[in-house]
Every structure is written in C-alpha cells, then in structure tokens.
Amino acid sequence: MTHELPTSLRANPRLADWLGILPTGIVEVRTGKVELGQGVLTALAQVVADELDVDIRRIRMMATETGSSPDEGYTAGSLSIQHSGAALRVVSAEVRAIYLAVAAERFNTTAAELAVADGVIATADGRSTSYWALADDRLLDRDATGVVEPKAVGSYHVVGTRVPRVDLPELVTGTPRFVHDLQLDGLLYGRMVRPPSRGATLIEVGAGALRDISGVVQIVHDGDLLGVVAEREEVAVRAAERLLAHSSWDEHPTLPDEDKLAAFLTTAPADTTVLADTVVTDTPLPAASHEAVFHRPYIAHGAIGPSCGIARFTPGEQPRLEVWTHSQGVYVLRRELARALGFEPDSITVHHVKGSGCYGHNGADDVAMDAVLMAMAVPGRPVQVVWSRADELSWAPFGPASVVRVSADVDARGDVLRWEQEIWGSSHNTRPGFTPGVGLLAASHRRGGEEIVAGPDAPLAHGGTAGRNSVPGYAFPAHRVVSHQISRMPLRTSALRALGAYVNVFAIESFMDELAEAADRDPLDYRLSQLRDPRGRAVLEAAAATFGWDRWTPQDCVGRGIGYARYKNSSAYCAVMAEVEAVTDVRVRRLVIAVDAGLVINPDGAINQIEGGAIQATSWALKERVRFDAMNVTSADWEAYPILRFSEVPRVEVELLPGNGNPSLGVGETSQGPTAAAIANGLYDALGVRVRTLPLTQEQIVAAMPD
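Residue numbers for the sequence shown follow our numbering, so the first one is 120 and each next one is one higher.
Since the hints were derived computationally from the structure, they do not count as laboratory data. It should be emphasised that the depicted structure is a prediction, and the values quoted were computed from it without experimental measurement. Be aware that one or more of the hints could be misleading.
Claimed, not checked - Restraint-style ranges between C-beta atoms, simulated for each label pair:
#1 Q302 to E268: 46 to 54 Å
#2 W671 to D756: 46 to 54 Å
#3 K379 to E569: 26 to 34 Å
#4 E569 to N781: 27 to 35 Å
#5 R708 to T753: 44 to 52 Å
#6 Q302 to P434: 18 to 26 Å
#7 P434 to E569: 22 to 30 Å
#8 G293 to T320: 54 to 62 Å
From the three backbone atoms N, C-alpha and C, an ideal C-beta is built for every residue, glycine too.
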C-alpha cells in the first residue's frame, strides 16, 4: 500500500537530500527547518533515531544551507514538527527498509527476520552487519515511495522522552557558535547609517567627516542607502555615527498620531476581505446583542541579541556570493537576493548559522542584504554587519497594530447565536518572497528601490494571517469574519509570533468573559457549555483542576482569568488560567497552562516553548508598545521599550495532555493569545475594570474606568 508523502517530502522527494549513512557510525540528517532556539533539531533527531533504531548520539544534525539541504521554505507557523518531522519519519523508515533489504540479500533471509539495535543488523542465528558496514550513498540516490509504513507510536523509545537539547553543551560552555562569532579570513566590519526619519531622502554624504578616522575601507552610498566598511568593528561604529551626524537629509512627517492610532487604522484606505461567513436561516431571534472593541499597539521583536549577517562577494566571469545568516528561510533569501541583484540563484550560497532568538520576520534577512551590499563594495573580503539596538527596535518589521470589533447575538440563557468579528490593521506578511517588490530594507533604500508593500492575507484554510484564530472554536450556530488590511503601512509590519491569533484570541476570550458576566454565569462553565470539541474541553478542565478554579477564594485586588484557543483552529489546543494582582502595577503571579499537542516528541522542548510563549505574551500584555512621533519610531532603547524583567516573570505550570494516538501538533505559538486573554480577564476580576486596549498599564486602566 502506498501512502501519500508528507508535504515537505513531496517537494523534496530524494532520500539523500534528507539523510546520509556514514561508515564512521554517524547518521547525517539534513532538514530545511532551522534552529532558532526552539529545540527543533533535537526533536527531529529523536524522530530519526527511533525510526532507524540507532542511539541518538549517532545523529548529526547538519546546518541548513542552500544546495545541500531540502527546501522547506520558512521555519515558521509552528509547523516544523508537522512538516519536517513527518518527512523525516517517512525518509528514515524507507532508509531502514533499504538497508534491511541489502542485509537480507547478503544473509539469504528476509528483512522481517532481521533485528536492528543501534545500527547493528542481526539475524536470529547471530550473523550481523550494520548500517555503517553497508554504507553506500548510491543506496539513497532515489526518491521516497511512501510504501514503507513508519513505526507505530507504541513502539517508540526515544520519541516522547526528555532528551537533552543537542545544542546545550555548546551553549552552556560558551563555545563560539553564533553568526556573530564567525571569524573568516580577512573579515571586515560594516555598519549601516539609517535615515534619521521615515521618508527621509539623502541630499549630501558627509564623507569629509571621516578624514581623521583611520581604518575606514569604504563608504557605501547608493540612493538613500548609506554605510561604511572598516578594518575594525569599533571603527565602523564610530564612522557610521560620524556619517549620520554630518550627512544632510530631506525630512518630512509621514506617521499618524500615535494617540489616535485606533482611529487611523479604522479609517485608512483598506482592502476588505470576508474571511468566513456562515449562513443559517433558522436561527431564533436574539434575546440581546453585545459589542466591544479591542486594540493592540505595534509590537517589536525585542530580541536581546541584535541581527547579524556576513557576506563575501567573489567577482569574475562567474561571480559568486556567499552569505552566513540566521534567516528563517535560506532558500527564500537566496531567491530574493538574486532578484535584487540580478544574479542567478545558483551563484549564491546561503548558510544558516545560529543567531539571536527569532519570533517571526525579524531583521535577519535585512541584515544579510546589508552585508551583501557592503561585501560587493570590497570584492574578495567577507564583511560582517551587526545591527545596533536602535536599528533593531526601530527598523526591523513590527507586529501590526490592530483593532478588533466583536459583536454577538445571544439567546435568553446568554449562549451565542451569531458571532461577528471585524479586524483592522497592517499586513502580517511582508516577508521576502511574499511581496511584489524586493522585501528587503536595504533594497528599498537603494537608487530606484521600491517601497516595501504588504503581502495579502492568507486564507484561513492555510492558517490565516490577520484572521488567524478569528473564528472562535466554540459551537456557535453562525459567524462572520471580515478583515480590513490598510493599503499603505505607516510602519513596516510583518509576521510576529502567533500573527493575528494574539489579538484575536485576546478579543474573543475577553468578550466571552463579558458575555458570561452578562448572563450571570461562571466563565469556565459558560465556555464549556458552548464548546463541543472534546480535546478543547479537556484542556480547559485540566487547567481548571490544576489551578484550583473551584477552590478559588476571592482576595482584594487579586483576580483569576481564563483564556482558551486551538491555535490556527488546526494545531495545538491550549487553555490558560492566570492569577493576577493589581495594586500599583499589574503583576501576573501564576499561569497554569494545559496543552494537547498530540504526539509530543520531546516533552521538555514542548514545555519550554509553551512557557516561553506565555512569558513573552505576558510581557506584551503588560508592557510592550512601540512609540513614535510624526517623524520616526522613538522607542529605540530598553528604557523607551520596556520588556518583562526576570523579577516579574510569573510562576508557570504546564501540563501536557496524553497524545492518545493523535499526530503531532505545533506548540511554539499556541499559548500567546490565551495568555493575554487570561491576564486581561484576571485584571477585570481583580479591579472590576475591563481594559480592552493593550498593554495593560496604569494609563490604560485609568482610561478604561467609567466616568
């Protein structure tokens, strides 16, 4: 029986592109998904080790690079285990079958009569060989067939266990491992000089200001793009600061009034799309109708480590370009660089090297383009470009500011009859490869460069972008969702962890609490009464039991709140219970999280991702907001863009529900929206003030108080 190949394997069917057996006793594994700090390479190694029956210490996860790794697009959307894991499971099963067939022929027996233990293939009468003894690259120079059945879940020994991260030893010992650490022969250092404001055009380059700075190799100037290359990093930094101070720019205001951002988003020209609409003709007349409007500001990635890229350009009849980057999509970046420069894609090699933590479309691709343009100005020598903190907080793509209006018709008990949701905001997708022009910052600043414009909303069937999780997971008889994507972005926005799910779940679950209160019903019971999915009910009930929902004792200025969603309505289920204190500031004391992610490859890795998402969502909910005036972003340092401190991190308890034979589901973004909603609902329970505008600061609490 032939099974349909997983998505990534259909696109990259050659077995040798994924896996290699070495005579030295090592299994080399290649994947198009990259390590961003989420531990995915450890989980994928577990999948391969189980299917091949080898010790996981024999698995060598190879760094992703164009030309040698499968092309799996971006590492995004909490899909690495679902896509790459599924592909490697099938690949490994077929590789095992191929080697067993070779061994069976050698021993004049059948594959079914052979056993494998740590790569040693043995017969019942004691004869043996091994993968390593039979290693032959030609065996895997074929396409996957889908005829080999991977192992049943019950036979796994490595999958489902808490295998330590394969990258931890290097991280703990401080082994140079990041793109920032690379020391290539002849390395030079570049720094970009960003325009002093949005919309600024360069009139005159203050090159004369660098005459007394020794070690400057090249000034790079192309249209509004300005930068400097130097022999030493500190020289490049000093020269860039001097260039900015002494160059002349034409500036004018381009940004809306931050204090009236919600009004701007709901009135700006927009492309309107109906994302979902159910038509029900026999719905009874409602007993009441309710409506509320929610708002989130622009949010920065806020990575502690700055973006970094290295490039080397080799001229000649067949010019070559080599790039080292922490991009989430090395093949997509290669195609975009080729498009920007007029190169053939095959003349460009892009290596993935670890960088700072990534939560979506950050500055990694942009800084790679910066390094390329610097390297082309000094052929033959590699150039490293590191962004400044101001670059990182001001020029990387932001998570879009959004307005969400929710309304519901309810029956006499308060149960929802019809739900409507409207969303306003910028695009969640200006990733390279998804925009009409070249989606790289430096390309837009070059002479003749085009402004980066928004990519379209993804349909909900593919996970959605602005509309992600906009259809509630409850059994409402009817719903309608409309998205208004503004036509022109005042600030560049793109994918940030959970995309639209963060604000949509915040709005939906806050509004569910409002409906429960209007119906004089317990918020947990209200949700369960309208939730038919047994896996959704199970995570809510599990979180409530661990939290002690039924044993809660009210306290002054302390409240409890709930948030629930199934991420993308197709991935992991998540319920969050929050204990929130609101005295001088809002403080989250405790989060209890229950998740059903089907088959969990590595429980430690899954819990780390869920915890990390919840803590980041807490920071977003309580503190984070991009600030700007009419000219530019003003929150360019940690004072102006505060994030959650270690002393403010809540106690987090995560319970993973049994997989029950269900396939693996992504967990990296599942806790974002439910956490924000649980905190907002806990704040209301503590103070009796419904705050619908994030972040939940003193300012917003006061503004939400009734007159």
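Hints, one by one, checked against the model:
As the Cβ distance of Q302 to E268 is approximately 47 Å, the hint placing it in 46 to 54 Å holds. The beta-carbon spacing between W671 and D756, approximately 40 Å, falls outside the hinted interval of 46 to 54 Å. The hinted range of 26 to 34 Å is satisfied by K379 and E569, whose Cβ atoms lie roughly 29 Å apart. For E569 and N781, the hinted distance range of 27 to 35 Å is not satisfied, since their beta carbons lie about 45 Å from each other.
At roughly 32 Å, the beta-carbon separation of R708 and T753 lies outside the given 44 to 52 Å, and the hint is violated. For Q302 paired with P434, a C-beta distance near 23 Å keeps the hint of 18 to 26 Å intact. Taken as a hint, the range 22 to 30 Å holds for the pair P434 and E569, whose Cβ atoms sit roughly 26 Å apart. For G293 and T320, the hinted distance range of 54 to 62 Å is not satisfied, since their beta carbons lie about 44 Å from each other.
In summary, the structure is inconsistent with hints 2, 4, 5, 8 from the numbered list given earlier, while agreeing with the others.
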